[in-house]
Every structure is written in C-alpha cells, then in structure tokens.
Amino acid sequence: MSNASTTDNYCFHCGETLPLNGNIFAQLGSEAKAMCCEGCKAVAEYIATAGLTEYYQHRKDLPKKVEPSNLLEKATWQVFDEISLDTICNDKSEVLIDIEGMHCVSCTWLVQNKLQDLEELEVVSLDHQSGIATIRWNPHKNSLSKLLHTINSLGYLPHVLESDAEMRMELSNKHSENSLKRLVVAGLGMMQVMMFAVALYTGNEQNMETVYRRFLIWVSMLVTFPVLFYSGMPFLRHAIQSIKLKRLHMDIPIAIALLAAFSLSVFNSLRGNGEVYFDSVVMFVFFLSISRFIQEKVTRNMLSSRQAFARMLPILVAVEEGGETVQKPVNQIKNGELIAIPMGSVIPTDGIIQSGNSDIDASSLSGESKPIRLMTGNKVYAGMRNLGQPLSVLCTTDMKQSNISLLGQRLLRAKSVSVEDENFITRYVTGFVFFTLCLALAVFIYWFIFNAWEKGFEIALAILVVSCPCALAIAMPSSVASLTKYLHKLGIYVINPSKLFKLTNLSAVILDKTGTLTDTKNILKSSMSKDDEQKYLTYAQALANFTQHPKAKFLHNNVSSIEVTNIQEVKGKGVSGTILGVEYFLGKPSYTCKSENELATDISFGDGQELLLQWQGKENIRSGAKTLIQNLQQNGYEVYISSGDETQAVTTLASSLSVESFYSMQSSEDKLALLQSLQEKNSKVLCIGDGINDAEFLQQADLSISFTNASELAQAQADILVTGTDLSKIESLLDSATQLKTIYSQNIAWAVIYNVVMIPLAVLGFIQPWIAALGMSISSLFVVLNSLRLSKAPSIASTSSLKIASAL
Amino acid sequence: MNMLFVLIIMSLVFLAGCIYVFFWAIRSKQFKELEIQGFSVLEKDEYESNESITKNTQE
Chain A
600 MSNASTTDNY CFHCGETLPL NGNIFAQLGS EAKAMCCEGC KAVAEYIATA GLTEYYQHRK
660 DLPKKVEPSN LLEKATWQVF DEISLDTICN DKSEVLIDIE GMHCVSCTWL VQNKLQDLEE
720 LEVVSLDHQS GIATIRWNPH KNSLSKLLHT INSLGYLPHV LESDAEMRME LSNKHSENSL
780 KRLVVAGLGM MQVMMFAVAL YTGNEQNMET VYRRFLIWVS MLVTFPVLFY SGMPFLRHAI
840 QSIKLKRLHM DIPIAIALLA AFSLSVFNSL RGNGEVYFDS VVMFVFFLSI SRFIQEKVTR
900 NMLSSRQAFA RMLPILVAVE EGGETVQKPV NQIKNGELIA IPMGSVIPTD GIIQSGNSDI
960 DASSLSGESK PIRLMTGNKV YAGMRNLGQP LSVLCTTDMK QSNISLLGQR LLRAKSVSVE
1020 DENFITRYVT GFVFFTLCLA LAVFIYWFIF NAWEKGFEIA LAILVVSCPC ALAIAMPSSV
1080 ASLTKYLHKL GIYVINPSKL FKLTNLSAVI LDKTGTLTDT KNILKSSMSK DDEQKYLTYA
1140 QALANFTQHP KAKFLHNNVS SIEVTNIQEV KGKGVSGTIL GVEYFLGKPS YTCKSENELA
1200 TDISFGDGQE LLLQWQGKEN IRSGAKTLIQ NLQQNGYEVY ISSGDETQAV TTLASSLSVE
1260 SFYSMQSSED KLALLQSLQE KNSKVLCIGD GINDAEFLQQ ADLSISFTNA SELAQAQADI
1320 LVTGTDLSKI ESLLDSATQL KTIYSQNIAW AVIYNVVMIP LAVLGFIQPW IAALGMSISS
1380 LFVVLNSLRL SKAPSIASTS SLKIASAL
Chain B
17 MNMLFVLIIM SLVFLAGCIY VFFWAIRSKQ FKELEIQGFS VLEKDEYESN ESITKNTQE
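Heads up: the protein sequence lines correspond to chains A and B, in order. The working numbering puts the first residue of the first sequence at 600, with every later residue one more than the last. The working numbering puts the first residue of the second sequence at 17, with every later residue one more than the last.
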C-alpha cells in the first residue's frame, strides 16, 4: 500500500470523515484509496472491477455511506427468485425496482452500465428523480436475485415494487414524449409556412405570376395540414370533450379559430380567389404548443406512496417455518406466520408478540415521543421500530392488509379523486371565453348583413386569436414554476407545484409536535469535572463505534484515535472493551455498573463498578420553532398544535411556544377531524407534520409541508419537503409567498390590459389575423419572462459540491 | 424560375427527413434526461486491463 492516498481525511467513496485509526483502503486499479468503512470499500472495489471508476471523476453528488449491513450476500437474494413475475413477451420478464440511494445522473450511469453486462437484459427506463428502474430480461439466462445482487453491490438498496398497469403508465412518460414531437412538427412546419408567406406577401406587391402564387399556397396548405391535425390535435380534442361535457373551456375558441381559418383557406385556395390564413394557423398552433409544453414540464411527482412503503419496511424478513428460519421477501408475509424482528428493525405487519420483551419506538405511528415497553401478548403494528431485544411476532394480518398498508391504499385512492382543481382563474377564463365567442359571432353577423362576410370573417378570426386567454392561463403556472426553481436552491422541494399557489391565501396552521416542533436529543448527565467528562466521553464514543445498536448511534464518531481492544458485544445489554488497560462498558445501567438504576431509555457508560456517564433522552424544541410560531402569529395565522403525545408533554411545549390552541393524544382520525372542522369554517389550512399518523391530514390539507427525514409515508403525501431540521426554511417559504403574489398580480394585470386594448382594435378591423397571432404570443412571452424574475435567487454554493471537491 | 418547383419540393423532402430524425431522437429518449446524455459518451475502462491490475495486486 505504498501509493495509498492519505492526503485528505475523507472517504473516497462517500466523502465522510475518516476514522483516525482507520486503515481501510480499497484497491482501485493501480491506486489505493482510503475508505471510511468496509461497506464503502466493498462497493468501491466492485465499481473498480466493473471498470466504472470514471464514476468518481464525473459524479456531482456524493452517495450515502454504505452500511456494511446493507450489503447482502448473493444467496440471501435468492428468495426473490420464487416470486412469480408476469412474462411480457418472448419469454421476457419485467420488473419495477425502486433503487434507494440512486439520486443523481452519475448513479444512473453506474447502474445502467453495470446491468448491461448481464446477458439478455434491457434497462427499459431508469429515472433518478423517482429512483425507479424498469428492467426487462430473459429469466432463463438470468435470475432476479442476480439482478438485485448486482444493484446492491453498487451500494444501492433495491426494492421490488408490485407493478400494475397504472404504475407502468405513469412511468412510461409517453405523454411528454408526444408533446415534444408535436412541438417539433409545429415549429418546423411554422418556419416553412412563414417562409412561403413572406414570398406571397412580397409577390402580391410585385405582381407574381399566378402559377407560382397558387403553387406556394398549395405547398403551404400541405405543410399546415400535419401541423394542425397532428400538433394541434390536443386542442381540438379538448374542445370536443368540453363541448360534450357542456363546459366552456379556453380550447373552444382556439379550436373554432383554427378550424374556421383552415377551412376558409382551403376553400379559397380551391377556388383560387380570396385570402389564405395558413401562416396564422401554424403560428397559432406553434405558440400554443410551446406554452402547453412548458406547463406540462412543471408538474412532476417524486416519491409515490408505493415507494414510501417499500423504503420503510425491511427487504427481507426471517420467518419461522417448522422449526427452521427462512428469509422471505417482505410482501410475501402472510397471516399466521411467526416472524423474527431483530433489534433496530421495523415491524412489517400487525401482530402479537409471541416471545421477548423490548422497547418499541412508535413515534412515527402515534407521535408518542418516548419508546414504549411491550412484552409477550402485546399487540404491535406495522411501522413500529424495535429498539431493544429481538422479538418473535405472530402475524395477525397479511402484510398487504396491515393497518398502514390500508392507510396507504386509502391515501392512494383519495389522491386520484382530488385531482380536480377549481381555481378562480379557470372560472374567469370560462366567462372570458364566452364573451369572445359572442363578440366574434356578433361582428361576423354584422358584416354578413352588410354583405361583406369575408371581411367579417377576417375580423372575427382576429378577435378569437388576439384574445386567446393564454396569457391569463399561464400567469399562474409560470410563476409557480419559477418559484419552485428558486425554492429548490434553498433546499425546499416542491413536490406538488399545483398547490404551491395556495401559499398566498393561507389562514391557519396545524403543526405536529414530535419530530416537527421537537426532536429527541440525548443529554449527557454526569457528576464529575469537565476534563474527566471529556475523557470518558471520547472513550464512550470509541466504544460506541463497535456496535450497530440504534440507541448508541448518536455516539458514533468516526474520528476516534483511541485504541480499543478485547471488544465484546452482549446482546440486549451493551458493548465492552479495554481502553488503556481498563475495561469499560457501554449500555444498560445494570450492565455497566453495580447500581440498580433501571430506566429503560437510559444509556450509560461505566467501568463495571461505577457509573461514569449517563445519557437521558430529552425532548428538545427544534431550532427556529419559536421564531417560526411568533412570526406566524404576528402575520395573523391561527396556530394549532395537534399531537399524538400525552397531555403533559404537549401542554409544556405549547406554553413555552405560547400557542393557545393545542390538542394531545390525537389519532390520525382526530387530526383529520380538526383539519376538516377548520376547513368547514372556510380557513385555508397549512399542515406541517412528519409521522405516519400525519399522512392523512397532510394529504387533505390545503397545503402541506414535511421534512426530508420524516417518515416516508408523510413525505409521499406532502406538497412541499424541507431539507434538514431548521424550521427557518419554512419562514423563507412563507416570505416567498408575498413575492409570488406580486408577480402573479402583475401577470394578470398585463393580460387584462392587453385584452382591453387589443380587442377593440381587432373589432374595428385594425388587426390582421397574423398580427393577432404575434400579439398573442408576445403577451404570453411577457408573462413568462416576468415570472422568471421569481427564480432569481442568491446563488448558494451548495455545501455538497464543496464536500466533493475536498474529497477528491 | 421553374427551378423553384424542384427546390421547394426538395425542401419539403428535407423537412420530412428532419422530422423523422427528430422523432427517432425522441423515441430513443435523447430528450428525456438531458443530463444523462452527457454521461452516455463515457466509456467503461478497459475491462481486461483492470482485471490484470487486480490480479497483479493480489500476487
């Protein structure tokens, strides 16, 4: 290892700080690189042998540290081979895999290239935003377990998703592909027709020969045809649909204008006399397509409920079958089976504890901040985490019928119902559409009576085109899209942009307590001098590095120069080791010292005789919580706290934050009821929460915020995700609402003024159809450019990219 | 001036060709993930040279 690079202190793979006494190196080609742990080492070497080291030069984001426990043996994956998969065609199977940890482009490059080594395998789609891969392969040549093992070896956790037709549709993204094709046809077609139009206009003045004139008109018609009936199809189809539903939609005047202009032009070119409007038609279709294309890009969903479940539960569960322990994929767990829940693992389904007793963390289910002690005979629910002893649980439901699975199905259904959006703009646009239709018709009839129907037609057409409510319609989506971009830079991810606009008219806020306003910190308690305390703390940290127990995690510290020998871990008690000749213990008080201190949540450090240090879990108010609540109250929001925790804890918190309305011991249904009672009083409610019990009210809220470290189910329901633990980001989010409002009003004002000026001009016949099409698009362009001002944010140098720079 | 007929028809054929190429590019997902396209040109390292290196270090 002579050429090992030890110039910096970061793990080459994940960028974490290296342990000081660390001597883990991975052999990457001719170089040895320092690694923080065995997990990262294994992954880095796997990448190197696959010939994919270029990943390290080109990646923009660092992967998460690879816990060795997350790298599973090849044999372990083999249980997945028994799952029956649909065979698509020609003996090919298809599977949807949620690849946890795959979050940037270089990750997808890595996965794609490695998977291509496997025989007869096709990566149909691989999307780093959703993290979902669709893979098709020949089951006779390869097995699913090989596939999963390959992905896992690259450091990602693959979850096999149950695929159904609906999900595949969502993923195939056919829609946006088609709208891009339509845009291309419209754009290229427009350029051609405009070119012919210029020739025709100049030809008119210089007396072009009729034969050329007619030829150019015929060619224009030929090109206009696909532009109108391919690129313009969505508008025509929408118009027909809304006529069938007897509703006025802005596509109706569009469709009427397009079809009327096109048919009159065809009629005129057949009889060889009169005006043609092919140029106006293609221009109109192109500008419409481009604004629709931008709108479609804005809406995008990130983490689906289905993925949320997959990521929350363990991949494999140990099932006891006739005295033997068998590993089974989690979604194969059936009612009546006896499963083993190791320490730190999440319980996959509802059941009854058969043997063992342990501390259970139910905070994400109920909001209760303290772990609860459960023993044989007690009921446990899917989603609870086992913090202590291994448990044996008798399942009382299938995994798919557990409480949270049912909750998930409820959420999925509700989502598909609440898609219908009714904002006042749509209503306004409808009225406007009705007005322009009547106006155009009236003008046409007026000229028809005076025997000049051609002039009447031209004016009516100009009215329909110039008054196209596009500017009005994109005023909101464009400003929201631009704000979304700005917020992204601040570390605020807008999942559901269509709801972002609700920011501007909120009146009440409901906050969850545990995990939202508070977090649990382990507070050190000792009765010795600061120097000794510091010394023993470093000893405890050194010892903690040797255990994976979730309770000791907060002590994990990779920079430890202390040599520990003779390490022993006693299950359910703690870990011991010798430091400088003295044996120390870390774990339960009964294990570390001779005292009879039996507090379940405590963790202590001692030398076997005396208690040296102890930590107590204490609920802390998160940074920024106080100022957030103060600001909310000052800005006139009604603030409510709704928590599943006991009354005492909630009361203390509410009084220290001076919140008057608070509710404790709230179930998921109670929270929902509170929200609905507020909504009945016409309040627009912002909900902020992080637990599984918050999922339902997050979904029903007018706007909901969750955190990137919240339970996956809550994340999947939230409209906005905030990174980190700092609540001040929510303040900047609310501040940006004012800006959004300003820009939006400007957009609307512009659209209204434009119409007020242009429509009378068009009625008086001053505007030709092609000028109308140009005017319409310029007004839309103005709206888009104005909205872009929202995305101008102070460019924050992302800390992660700095970290990479120093790690490489 | 009769050349105009030929030239315009040629330009239309060319247009059809352009649209075909665009459609092909869209279908092969070149527009789906603009960032990934930059990565797709990166080739894997020479497989064998890497394996030989690993062997060397093992020896």
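Keep in mind that the hints were calculated from the coordinates and are not lab data. As the structure is a prediction and not an experimental result, all values here were calculated from the model. All residues carry an ideal CB built from backbone N, CA and C; glycine is no exception. Some hints here could point you the wrong way.
Claimed, not checked - In silico EDC-like pairs for lysine to aspartate or glutamate, Cα to Cα no more than 20 Å straight-line:
1) B/Lys45 - A/Glu1209
2) A/Lys999 - A/Glu721
3) A/Lys740 - A/Glu718
4) A/Lys1152 - A/Asp1130
5) A/Lys1152 - A/Asp1118
6) A/Lys1134 - A/Glu1209
7) B/Lys45 - A/Glu1168
8) A/Lys1134 - A/Asp1206
9) B/Lys45 - A/Asp1118
Said to hold, decoys possible - Some chain A residues judged to face chain B by a derived CB distance under 8 Å, without partners named:
10) Leu779
11) Met793
12) Asn1050
13) Lys1054
Here's how the hints hold up against the structure:
For a cut-off of 20 Å, the pair hint linking B/Lys45 to A/Glu1209 is broken: about 66 Å separates their Cα positions. Taking the CA atoms of A/Lys999 and A/Glu721, the gap is about 30 Å. The hint is violated against a cut of 20 Å. For the proposed pair A/Lys740 and A/Glu718, the alpha carbon gap of about 7 Å is at most 20 Å, so the pair holds. For a cut-off of 20 Å, the pair hint linking A/Lys1152 to A/Asp1130 is broken: about 23 Å separates their Cα positions.
Under the criterion of a C-alpha separation no larger than 20 Å, the hint pairing A/Lys1152 with A/Asp1118 is consistent with the structure, at around 15 Å. A threshold of 20 Å between alpha carbons decides the hint, and for A/Lys1134 with A/Glu1209 the separation of about 16 Å falls inside it, so the pair holds. Taking the CA atoms of B/Lys45 and A/Glu1168, the gap is near 52 Å; set against the 20 Å cutoff, the hint is violated. The hinted pair formed by A/Lys1134 and A/Asp1206 meets the criterion: a straight-line CA distance of about 13 Å does not exceed 20 Å.
Of the pairs offered as hints, the one joining B/Lys45 and A/Asp1118 is violated, with about 44 Å between alpha carbons and a cut-off of 20 Å exceeded. At a threshold of 8 Å, the smallest CB-CB gap from A/Leu779 to chain B is about 6 Å, leaving the interface hint in force. Of the supplied interface hints, the one on A/Met793 is violated, with its beta-carbon coming no nearer than about 13 Å to a beta-carbon of chain B, more than 8 Å. Below 8 Å, beta-carbon pairs count as interface contacts, and A/Asn1050 has none with chain B, the closest being about 38 Å; its hint is therefore violated.
Because the beta carbon of A/Lys1054 sits about 31 Å from the nearest beta carbon in chain B, more than 8 Å, this interface hint is broken.
Comparing the model with each numbered hint stated earlier shows that hints 1, 2, 4, 7, 9, 11, 12, 13 do not hold.
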